[in-house]
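**Student:** Chains as they are written, first to last, in this note's numbering: chain A, 1 to 260; chain B, 1 to 260.
Mixed in with the good hints there might be a few duds.
When chains are identical, the list treats them as one kind, so a pair holds in a single copy or across two.
To be verified - Calculated lysine-lysine pairs in the DSS-like style (CA-CA distance at most 27 Å, straight line):
| hint | residue 1 | residue 2 |
| --- | --- | --- |
| 1 | Lys165 | Lys62 |
| 2 | Lys93 | Lys160 |
| 3 | Lys160 | Lys62 |
| 4 | Lys93 | Lys221 |
| 5 | Lys165 | Lys148 |
Just so you know, these hints were derived from the structure itself, not from any lab.
There are 2 protein chains.
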Amino acid sequence: MSQDNQRPLILVTNDDGITAGGIRNLIEVAREFGEVCVVAPDSPQSGMGHAITVHDILRLTKVRDEEGVEEYSCTGTPVDCVKLAIYRVLDRKPDLLLSGINHGANYSINVIYSGTMSAAVEGAVEGIPSIGFSLLNHSAEADFAASKDVVRKVVRSALKNGIPKSTCLNVNIPKVSAEEIKGIRICRQARASWRDDFQPRQDPSGKTYYWITGEFVNPDKGDDTDVWALDHNYVSIVPVQFDLTAHHAMAELNEWGYDT
Amino acid sequence: MSQDNQRPLILVTNDDGITAGGIRNLIEVAREFGEVCVVAPDSPQSGMGHAITVHDILRLTKVRDEEGVEEYSCTGTPVDCVKLAIYRVLDRKPDLLLSGINHGANYSINVIYSGTMSAAVEGAVEGIPSIGFSLLNHSAEADFAASKDVVRKVVRSALKNGIPKSTCLNVNIPKVSAEEIKGIRICRQARASWRDDFQPRQDPSGKTYYWITGEFVNPDKGDDTDVWALDHNYVSIVPVQFDLTAHHAMAELNEWGYDT
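Pulled out of the complex, with its shape left as it was, chain A reads as follows (with noise of 0.2 Å):
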């Protein structure tokens, strides 16, 4: 990378593989505002929530080299990607790392279940201000127009208000023009679930094999909710911590006396 310090460094990574449409985006915006450095998975990395790979090798190939701008492919998770950047390919700590711009939802209980935000909240964990984006869209052709805008004024304000210690920033976005965006609210995720369903089909031999597939169930109406703020054309933004403790279940936990 170049040694000019003056410009921000944004690593810059997802989980749909370095060659889909919302990286490519993504990296088109991330440039705007400073030296990027793209590792992302070689391949679709969907689902992998926080999976590292422990139990496999991990391969690197830079892809490209460019004034402001060096990718690398990686044959590992997203999370694999981002601490392979900090740990292997930058010599300093980046400024800012985004994630995405995700094919589809990552809102609700989907946090834990996505690559894409499980980069950014490995960000985090590493103390780099990181956001993740998301469009409301699965199409590998989705339009990411509107995205662009958001990234902009989201990026914008990381930059020069930085992150709150110890989140990083779940960003979905609406998959509607940029003239029907009503605007950014603050969230908190829908307490939701899927309901889920496994095909089963027949392989050529007989045996049985499955496809996963499920329906998101939604009983949370609150509208202070992600699920509410896109459903009313609103850009959701959740702040996502790592620390997992329910402080408020530890005073239940010390009454039922173990040791007793």
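Dock chain B against chain A, hints included.
**Tutor:** What follows is chain B alone, placed relative to chain A:
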């Protein structure tokens, strides 16, 4: 499974694979308390975090069917195992989910990388009282005698008291004899992280690949943490939540004035 609903139905899984010593010991203890259904990975899945299998098929094989215990091995991740158990294998909701006993620590930030703990978190998402157990001993030949006593104590309490709403329990057990264990402490997750390293090696064709390694760094000296408890020969129990919203950070973000 037997339709004898008098006894609790206990779902057992892990991330070290269905043949690991830890899960074999956990199954033995679980049988003392109820009907047991095991759905566990057919291969080691350490570090898989909350990964689910969306780009590949899943296979499920019944490997044991005896009075009071059924076992299935699964090609997927620990979270896949929990989902398959709930939505494909079991005909009623389990009364308890037990994950482990993991060969190695899952304290502090390791909770987010751990397949063992992610399985327990998935159980909590599904509203099942869920507990992950880990012994601070990576050895395949680890002695689980003291751990079994701990499991008995915690399971007895969970069947009596339940688990605090929307949480699961992360139980770590020090690598000492039962006599040396000083007791059980309810803890918060220590604020620590990994300083990763990637060992470069050359394959036979001369190309570089990497193995992840690293050093656990804990600057958090609080005596209310899981790391402190384990260092002092206590069993640590951290209540773990899946609402990742950093509620305390929402006010700060609202001051940023995105829409001005």
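**Student:** Hints numbered earlier in the text: which of these fail when held up against the supplied structure?
**Tutor:** The structure breaks hints 1 and 3; every other hint is satisfied.
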